[in-house]
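Peer 1: Line by line, the protein sequences are chains U and L.
Positions in the first sequence are counted from 1; adding 212 to them yields our numbering.
Positions in the second sequence are counted from 1; adding 981 to them yields our numbering.
Any given hint might turn out to be false.
[Claimed, not checked] Taking lysine-lysine and the PhoX-like style, the derived pairs with C-alpha atoms no more than 20 Å apart in a straight line are: (1) L:Lys1470 to U:Lys298; (2) U:Lys309 to U:Lys361; (3) L:Lys1475 to U:Lys298; (4) U:Lys394 to U:Lys287.
No lab work stands behind these hints, which were simulated from the structure alone.
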Amino acid sequence: MKKSIMTSACVFVLSAFLLGAAPAGRTEGVFEQPILLTSAGQSADVQLANVLIKKAGLSCTLGKLAADKDLEGHKTLILVLGASLKGLGAAGLDMAKENARVEGLLAAAKAKNIPLLCLHLGGADRRGQTTDEMTAAYLPQARMAIIVKSGNQDGFFTKICQSHNIPLVEAEKTIDAADPIKKAFK
Amino acid sequence: MVVAANPLAAEAGLEMLKSGGNAVDAAVAACFALNAAEPFASGLGGGGWMLIYLAKERRATVIDYRERAPAAAHPRMYELDGKVQQAWREAHGLAVAVPGAPAGWALALGKYGTRTLAEVSRRGAEIAERGFAVSATFSAINKDEYEKILANAGEETCFLNQGIPFEPGEAFKNPDLAGTFRLLAEKGVGEFYKGQTARKIVEAVRAKGGVMTLEDLASYEAREVTPLRGSYKDFSLVTIPPPSSGGVHAIQLLNILENWPLRDWGQNSPVLIHHVAEALRFVFADREKYLGDPDFLSIPVEGLCDKASARRIAQRILPDRVLGDYPYSTFDAHRPGGNTTHLCVIDREGNIVSLTQSINLFFATGIVPEGTGVLLNDMMDDFSENPGSINAPNSRRRPLSSMAPMILLKKEEPFLVLGSPGGTRIFSTLAQIILNVVEFGMSLDEAIEAPRFFSYSVRGKIRPLAIEPRLAEETQAALRKLGHELAVKEAYDKYFGGAQGIMILRDKKLLLGGADSRRDGAGAGY
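Pulled out of the complex, with its shape left as it was, chain U reads as follows:
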């Protein structure tokens, strides 16, 4: 009986560790402008990010199909996670081409020491196998992440951020993400 209680307690502590709050870390004054904003998956959420960045009093260069050469002159790369078949189709891309573009861009940013801020703004509606696969591949490379809470009901983002020591900020609603974006910049 005692052993069973101990086991339960350990499971509880482990769950709290895995699913609980994001790791401590700086979430304010982390990044600098100029910002290059792009999408991973070509969803319309990249436009949402563009509007939120403006609301945060910041400015950015929006390049839905940004490539490594577009990093020139920028001090932060923002990647908006979210796959959309409609968006990919409109851009004339498939997932293989989109992944190749994003991977190339992230590698170039790393080489130039440009930090990455990942956003997931679509909430629960913008989860799915393709988005999750992209998130699993790219989020670990971020210095910080800001997400809309309803997209993290299963702790998916928390788990990734926890295991890679990435500070994670959850916004209650999409519009609320403007504030942490503002604070994340010097």
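The hints should help you fit chain L onto chain U, whose structure is shown.
Peer 2: Showing chain L alone in chain U's frame:
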């Protein structure tokens, strides 16, 4: 009773009935309310068809207010360097056809209603002004169309909440639309086609690359046309004629289905779905070959609605495998023929309105003329992108539609009032609902909610069979075995439309409303 795609619209129609208005008054009041409460699907900036049944005269008539291409339209208007620009067809000034809704609503009201435009638009104006809490459906559609709205209506538009899509429960208001309703109530619909609203429309369309002129708007007229009639077994069917393909093909499809023992096969059984899907593929081959604007083309309506011709199609369909190729029908002679919301109304006198209208894709072009609150349609996308097609865009032509508001009559008395949005899926959806009621004895609500499927052909070649995954796993496996490639949609997918209907049970003195949970449909009666 009023059944519409939004509860506020159903209530607006009901209010009109309770205050002594007839079915046409209530339908037009519901149209204004729908424009305010479901702005992404229909409104002043779009068009449609109103099928009216006049109980005392025991006759039906149709008000056709389909949009019309601007005079400067031509078959290659969407090409750039020889390549069709899809965005121009959907979210650009070139996508906007001359709206027909204000003229159609006014014509119906003037000829068959009893109330003024001011009276029927009042409730819609109040809804637009006071606002309402956004539903999950509104929010999801708003998010889906965000990019287009942002690009064409801008960050400050009322169709976004501070530049961001609406979340469920947030308040949506459109005071500019209320102002436009009041302007039309005061000055008449001539204001929309020849007044300051017309100037704002042309300015907005041309600022986004369109070719519409003041003359295009001023010369638009809605018209009254003769309904199309067909039958299914012991039931008669009254519906709308071209340039909607929906009525013609609903009749053609039902004529084909009459040849099979559907009741023995069972509702949504693999053998039934297989045969209906194959029939749909033949129907679409004919649609592509023959349907367009009857003002400019000779459409073989009689041939397409002919029972013998349908029997020949039924005989070609194999029970054990898909055909893969679906040639169009041939007829001895061509004789000239006579994204959307649906609502049904029946009044105390037994007058009926079955109405389907649209602005095409959800949130249409996203273009909103300044200060009007009106979303302009992207109905030009209903023209074929093939410049050689008989449905290619051209000067002042009306694009082909699939809308099919209909009334099913039993012993020549109205029995089922029915319609649905859903683009090219409309007549397939309506035929399935009719089968569910007539062959399988379902209630209207069960018939509307039952899992749906759809297929078609392009240039005679097979396309996948779209299904709702509520169909049994064994059914899906059996369909794959017959050679169907399945495209599995959501459990209750808006792709298959959002049907509304009223069933009239005379012996029980009962009216049963049915509204589709694939949208925010609701019924209201007293």
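Peer 1: Checked against the structure, which of the hints given earlier come out wrong?
Peer 2: Failing hint: just 2.
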